[in-house]
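*Asks:* Please work from the sequences and hints to get the whole structure.
Under the numbering used here, the sequence shown has 11 at position 11, and the numbering climbs by one with no breaks.
Honestly, the hints are just simulated from the structure, not real lab data. Incorrect hints may have been included.
What the hints assert, rightly or not - Subject to a maximum C-alpha distance of 16 Å in a straight line, what follows is the list of computed EDC-like cross-link-like pairs (lysine to aspartate or glutamate): (1) 41 <-> 14; (2) 11 <-> 35; (3) 47 <-> 30.
To be verified - Using C-beta positions, here's what the derived DEER-type ranges look like: (4) 51 <-> 3: 18 to 26 Å; (5) 40 <-> 2: 28 to 36 Å; (6) 2 <-> 39: 35 to 43 Å; (7) 3 <-> 39: 30 to 38 Å; (8) 3 <-> 34: 18 to 26 Å; (9) 3 <-> 40: 30 to 38 Å; (10) 24 <-> 44: 14 to 22 Å; (11) 44 <-> 6: 13 to 21 Å; (12) 44 <-> 2: 25 to 33 Å; (13) 47 <-> 27: 17 to 25 Å; (14) 19 <-> 39: 14 to 22 Å; (15) 51 <-> 2: 18 to 26 Å.
Cβ coordinates follow ideal geometry from the N, Cα and C atoms, glycine included.
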Amino acid sequence: MNNISVCIAAKNEEAYISQCIESVYDIANEIIVLDTGSTDKTKEIVKSFFKTIMHPLK
Numbered sequence: 001m002n003n004i005s006v007c008i009a010a011k012n013e014e015a016y017i018s019q020c021i022e023s024v025y026d027i028a029n030e031i032i033v034l035d036t037g038s039t040d041k042t043k044e045i046v047k048s049f050f051k052t053i054m055h056p057l058k
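*Replies:* Okay, structure coming up:
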């Protein structure tokens with residue numbers, strides 16, 4: 001099995017971030033989400049997907 005890392009850059013994507021993460025969740029060994037200053041609920045939605053957060057969202 002290959003190791004696959006996925007990097008997702010997002011800003012104010014609360015309407016689409018769940019679908020984006022779900023589309024790669026089963027194939028990626030690592031999912032990195034970079035929030036670039038969201039003012040909506042993007043951060044909260046991202047946090048709900050992961051048990052381990054290496055570098056917490058601020």
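*Asks:* Confirm or reject each hint.
*Replies:* Here's how the hints hold up against the structure:
Restraint check: the Cα-Cα separation between residue 41 and residue 14 comes to about 6 Å, which is no more than 16 Å; the hinted pair holds. With a C-alpha separation of about 6 Å, the suggested pair residue 11 and residue 35 falls inside the 16 Å cut-off, and the hint holds. Simply put, residue 47 and residue 30 have alpha-carbon atoms about 14 Å apart, close enough for the 16 Å limit, and the pair holds. For the pair residue 51 and residue 3, the supplied restraint of 18 to 26 Å holds, since their beta-carbon distance comes to about 19 Å.
Take residue 40 and residue 2: their Cβ atoms lie about 34 Å apart, and the range 28 to 36 Å holds. Distance hint for residue 2 and residue 39: a CB-CB separation of about 36 Å, consistent with the stated range 35 to 43 Å. The hint said 30 to 38 Å for the Cβ distance between residue 3 and residue 39, and at roughly 34 Å that hint holds. Distance hint check for residue 3 and residue 34: the Cβ-Cβ separation is about 19 Å, which falls inside the suggested range of 18 to 26 Å.
Look at residue 3 against residue 40: about 32 Å separates their beta carbons, and that is inside 30 to 38 Å. Range check, residue 24 to residue 44: Cβ separation about 20 Å, and the 14 to 22 Å hint holds. Distance hint check: the CB atoms of residue 44 and residue 6 are about 20 Å apart, consistent with the given range 13 to 21 Å. Checked against the given bound of 25 to 33 Å, the beta carbons of residue 44 and residue 2, roughly 31 Å apart, stay inside it.
The hinted window of 17 to 25 Å between residue 47 and residue 27 holds, with their beta carbons roughly 21 Å apart. For residue 19 and residue 39, the hinted distance range of 14 to 22 Å is satisfied, since their beta carbons lie about 20 Å from each other. Between residue 51 and residue 2 the C-beta distance comes to about 23 Å, which sits within the given range of 18 to 26 Å.
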